[in-house]
Amino acid sequence: MGKLFEKFPDPLARLIVVFLAFLVVGVIVVAVVIPKQMMDVSAQWADAVKREEARPIKYAGFHVCAECHDKIYETKKNGYHRDLSCETCHGPAKAHTDDPDKVKPVIPAERTFCPQCHAYNPSRPRGFPQINPVAHNPLKPCASCHNPHDPKPPTTPKECSACHGAIARMKAVSHHVQLACTTCHEVPQRHKVSPWSVKPTKPQTREFCGKCHAKDGKDKMAKDAPKIDLAEHGEKYVCWQCHYPHSPEVEQ
Amino acid sequence: MNPELIRNLHDLLPQIQGYIYPNEIEIHWGLLIVVYPYITGVVAGAFILASLVKVFNVTEVQPLYRLSLLTALAYLLVAPMALVSHLGHPGRFYEILLTPNTSSAMAMFGFVYAWYLMGVLLLEIWFVHRTDMIEWAEHETGVMRFIHRTLALYSRDTGEVAVSFDHKALKVITIVGIPSAFLLHGYVGFIFGSIKANPWWSSVLIPIVFLFSAIVSGIALVILLYMILTPLTGGKISMRCVDKAVDFLFYAVIVDFSLELVDFIHRVYQSEEEIKILSEMVMSKLFASLIIIQVLLGMLVPLLLISLTKIFKKRFHLNEDLRKMVYFVAVILIQFGIFATRWNVVIGGQMFSKSFRGLTTYKMEFGGLEGLLYAIFLLALPIIILAVLTKILPPWKEMHGQPASESAEAAGS
Chain A
1 MGKLFEKFPD PLARLIVVFL AFLVVGVIVV AVVIPKQMMD VSAQWADAVK
51 REEARPIKYA GFHVCAECHD KIYETKKNGY HRDLSCETCH GPAKAHTDDP
101 DKVKPVIPAE RTFCPQCHAY NPSRPRGFPQ INPVAHNPLK PCASCHNPHD
151 PKPPTTPKEC SACHGAIARM KAVSHHVQLA CTTCHEVPQR HKVSPWSVKP
201 TKPQTREFCG KCHAKDGKDK MAKDAPKIDL AEHGEKYVCW QCHYPHSPEV
251 EQ
Chain H
1 MNPELIRNLH DLLPQIQGYI YPNEIEIHWG LLIVVYPYIT GVVAGAFILA
51 SLVKVFNVTE VQPLYRLSLL TALAYLLVAP MALVSHLGHP GRFYEILLTP
101 NTSSAMAMFG FVYAWYLMGV LLLEIWFVHR TDMIEWAEHE TGVMRFIHRT
151 LALYSRDTGE VAVSFDHKAL KVITIVGIPS AFLLHGYVGF IFGSIKANPW
201 WSSVLIPIVF LFSAIVSGIA LVILLYMILT PLTGGKISMR CVDKAVDFLF
251 YAVIVDFSLE LVDFIHRVYQ SEEEIKILSE MVMSKLFASL IIIQVLLGML
301 VPLLLISLTK IFKKRFHLNE DLRKMVYFVA VILIQFGIFA TRWNVVIGGQ
351 MFSKSFRGLT TYKMEFGGLE GLLYAIFLLA LPIIILAVLT KILPPWKEMH
401 GQPASESAEA AGS
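Chains as they are written, first to last, in this note's numbering: chain A, 1 to 252; chain H, 1 to 413.
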């Protein structure tokens, strides 16, 4: 120690001593004080793996079902429900695959089941098939009209409301109730089959609403529509920046 | 569910707008996490100010040197308290040091912190005060003598070799210290900036913005302390020093402001899907804290005030008291502004739903570990610690413009 103090400048030598002291304490803490189990991750994992392995297996996965229910499997594969696993609807079926005659999986036949995914809910993506379970063909089980393994809307829907329920319901109680959707949107027939790739038009200009609402509106419904001065009213903005077209309201 | 939680949620529910996922109703990173980056920011900023003296030889601000080092230390000691108190099990915090997890930025904080505290700040303070402590101890008795002796590690060597080593060491430490201070605070920004799922945080600019706002708050705080403490301890404020420090503050605020502006413009121009909900949040929930306090009162007004002293140079030079007043108001406003910045980052980042369809509200508690009282305590604690530190390592002489000791004099020149 004496040598150290001669060799280095005094302050450095003292710091080295302090540093070494920290190092020794640190090494002692790490090597002696901390329990080995705490550092050894594999021990913790091993326990976790054992714990998980001990759990009973309840799900079989849907490929197994193909062995015996090949027809249903094939039907479902190409339908709208292709992304759903069989056990999403039939519940865990491992026991059934082991002994099909003794154990039968549940069959979700009641009407409350499908609306878990299909009831109208604003947080679902636009275009996801949604229905109002109270109003949509009540009293009959869903499976009586839709094949759960290959669901289709039995026919191509005629009404826009099948897919745009919220808008249709809103318009139905609004001042624009007499206006058909197609007054304002030109809808190609293909839109109802592949709505994502073929889209209807939307009004673009102020003059469009002016057909009925301008002082000199020419449309055949124009006589019932309240009139505004197209040049002045709302200035340069398009009308739907202030009036929601599907439920036009006027605050007095 | 536990009834207290339900009661809490019940208060919040009416304040939610739009659609929000259930786990976003309550804001989990609360006031303490706001306090934490504010405090580390002060540390980094104060240290940068100190390094102006040591590395860049800005002699005008020499009176702030020791004060800023002590301020940095006082705030650094409190910084982790905010984090530890926020843990569910504060008693277990040391475990992240014992079982390092190198893939987690948060877990590595302990090491960044320890490096900065032990490897930079304490070392620098020790070297600055070593010869002083030896000298003080000679004229003292009792406890103070013991404290100074021990802190000097019983060193008594004030010879040429030792003192010149002190100076060399100081240079090296400060040079290593600047990137370390950047690391400390840049790291805090990094933690927010690297959260991919949160568009309010996720930005490469965030660490740099954090850094410059840190420099702003640190310099402003040290100026404020200097302007308060000097008259209290019977000295006279050196306007030469304050003018220079305010100069640096001014540049830092400008850089900070421009960076935030760039970030803002970039977001608006990119107009990613989240822009709607973010602008709604800024215009409603964050309007007071972001537009009014952070930008208007915390940046534009101080910038304007300081610019006035520069534009009407003659006028302000004649009237020192007026200039002091203006600076004083500016640095106080800046403190509030930077605190609001932290608030807007931390609380703002949790106020909008990841569905981008709704906003929630932050309900601050009053008592308890997450509450307002405790946060105020944490903000006051560094000042108390600083008071104790100045008892042990008085910076007054240097602040009053006298050479604190030969060593400081020599090092500063």
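FYI, nobody ran anything at the bench for these hints, they're computed from the structure.
Since the structure is predicted, the reported quantities are computational estimates derived from the model, not experimental observations.
One or more hints might be untrue.
One-sided and incomplete, this derived list gives chain A residues near chain H with beta-carbon spacing under 10 Å [to be verified]:
1. LEU12
2. LEU15
3. VAL18
4. PHE22
5. VAL29
6. VAL30
7. VAL33
8. MET38
9. VAL41
10. ALA43
11. ASP83
12. TYR120
13. PRO122
14. PRO129
So these bits of chain H aren't anywhere near chain A, every CB distance computed over 10 Å [what the hints assert, rightly or not]:
15. ARG130
16. ASP157
17. SER258
Each residue gets a CB set at the ideal place from its N, CA and C atoms; glycine is no exception.
Going through the hints against the structure:
1. LEU12: Hint on LEU12/A: holds, closest Cβ of chain H at ~6 Å, below 10 Å.
2. LEU15: Holds - the Cβ of LEU15/A comes within 10 Å of chain H, reaching about 7 Å at its closest.
3. VAL18: holds (6 Å)
4. PHE22: holds (8 Å)
5. VAL29: Interface hint status for VAL29/A: holds (7 Å vs cutoff 10 Å).
6. VAL30: holds (7 Å)
7. VAL33: With a minimum Cβ separation of about 9 Å from chain H (threshold 10 Å), the hint on VAL33/A holds.
8. MET38: holds (6 Å)
9. VAL41: Where the cut-off is 10 Å and the nearest Cβ of chain H is about 8 Å from VAL41/A, the hint holds.
10. ALA43: violated (13 Å)
11. ASP83: violated (21 Å)
12. TYR120: violated (14 Å)
13. PRO122: With a closest approach of 7 Å, the PRO122/A hint holds.
14. PRO129: With a minimum Cβ separation of about 20 Å from chain H (threshold 10 Å), the hint on PRO129/A is violated.
15. ARG130: violated (6 Å)
16. ASP157: At roughly 4 Å from the nearest Cβ of chain A, ASP157/H sits no farther out than 10 Å, so the non-interface label is violated.
17. SER258: The claim holds: SER258/H sits with its nearest Cβ about 34 Å from chain A, beyond 10 Å.
Of the numbered hints stated above, those contradicted by the structure are hints 10, 11, 12, 14, 15, 16, listed in ascending order.
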